[in-house]
Amino acid sequence: MNSPTPPPEIQPPASPRLYRLFAALLGPMEKLLGLTCRDFTRLASARLDRPLAGGERRRYFLHRLMCDVCRRQEKRLLQLNHLAGEAIRRTGDDTHVKLPDAARDRIRDRVAQELGPD
Amino acid sequence: MTDSASMTELRKPTLAKLVAEADALYRYALPRVRGHHAAEDLVQETLVTAVKKFSEFQGRAALGTWLTGILRNKILEYLRHQQRHPSAPADDDGDTDPTAAFYNDDGAWRLSPTAGLECLAEDPAQLVQRAEIRAAVQHCLDRLPLTLRSVFVLREVEGCATDEIGRSTGVGPGSVAVLLHRARQLLRTCLQKTWVNA
Chain A
14 MNSPTPPPEI QPPASPRLYR LFAALLGPME KLLGLTCRDF TRLASARLDR
64 PLAGGERRRY FLHRLMCDVC RRQEKRLLQL NHLAGEAIRR TGDDTHVKLP
114 DAARDRIRDR VAQELGPD
Chain B
2 MTDSASMTEL RKPTLAKLVA EADALYRYAL PRVRGHHAAE DLVQETLVTA
52 VKKFSEFQGR AALGTWLTGI LRNKILEYLR HQQRHPSAPA DDDGDTDPTA
102 AFYNDDGAWR LSPTAGLECL AEDPAQLVQR AEIRAAVQHC LDRLPLTLRS
152 VFVLREVEGC ATDEIGRSTG VGPGSVAVLL HRARQLLRTC LQKTWVNA
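Sequence lines, in order, name chains A and B. With our numbering as the guide, the letters of the first sequence map in order to residues 14 to 131. With our numbering as the guide, the letters of the second sequence map in order to residues 2 to 199.
Certain hints may be false.
Derived DSS-like pairs (lysine-lysine); straight-line CA-CA distance at most 25 Å [unchecked claim]:
1) B:K194 - A:K88
2) A:K111 - B:K75
3) A:K111 - B:K18
4) B:K18 - B:K75
To be clear, the hints were calculated from the coordinates, so they are not data collected in a lab.
Bound-form chain A, shown alone:
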């Protein structure tokens, strides 16, 4: 994750011409009003952790109304967030994952030392 550059295999948004036309027409105004896709994505993430303030909520819903790409992105973000958390929790169910033998021996010795003689 050291390189911030998005992978080249990922294509531009669906209906790129339409998206780019809107972005070109509305972009400067959206930037001025804090209504860009970048702003929306930040607010969509914040919304997962706290209620949005009045001004934030208005900007969030206004952009959401206008931008199909961001609507889909938000949906995927929610699904991804849920999946990631659940996937990590479920790793505990993979019974083939076992403590390496060397570590098990080390831990057994340390616990035996802590338990002391019977």
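Position chain B against the provided structure of chain A, taking the given hints into account.
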């Protein structure tokens, strides 16, 4: 087992019983911290703490459940410590936004934020059963900078509130929000790359 035998067992754990729980504890710790050495150390600390505090174990829950509770606290301490005292130089210094390249100068998407993520439309309960999906999530999580990884795990796996994360890690609430946003976006991009190439 008689009551007296049961009570004797409660007063003094056996080595075999404790070590028998080690694999399950390791599986719990491994995805939550970066690297198997850290997970092993946490399992050891948990079992040593369990021996010291065994008189507090009332036997109302299973031994494994009680040990997992201890381990969870150890993991939270570990993540907070990592956040405050990173062992490696920070690879996600706060001034550089690693998501900046996702947008053009007007803040519009340069590339699709959803390409490759079509599988997420499937039933999440089914999706998470698939080992390759869990492996991809783990792979991408492990590639996150340590600070972002810790904040993400505290929030999305352990369910800590952002102000709680801020208090325990010494990061301001605004910064926690920024770190979470970056973690989610970098995780998304990594999974896009993984699944687009698959």
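Here is what the structure says about each hint:
For the hint pairing K194 of chain B with K88 of chain A, the CA-to-CA distance comes to about 18 Å; that is within 25 Å, so the pair holds. For the given pair, K111 of chain A sits about 20 Å from K75 of chain B by alpha-carbon distance, which is consistent with the 25 Å threshold. This hinted pair checks out: K111 of chain A and K18 of chain B have alpha carbons roughly 16 Å apart, not beyond 25 Å. Restraint check for K18 of chain B and K75 of chain B: satisfied, since their Cα atoms lie roughly 20 Å apart, inside the 25 Å limit.
Going down the numbered hints, you'll see the structure goes against none, and every one checks out.
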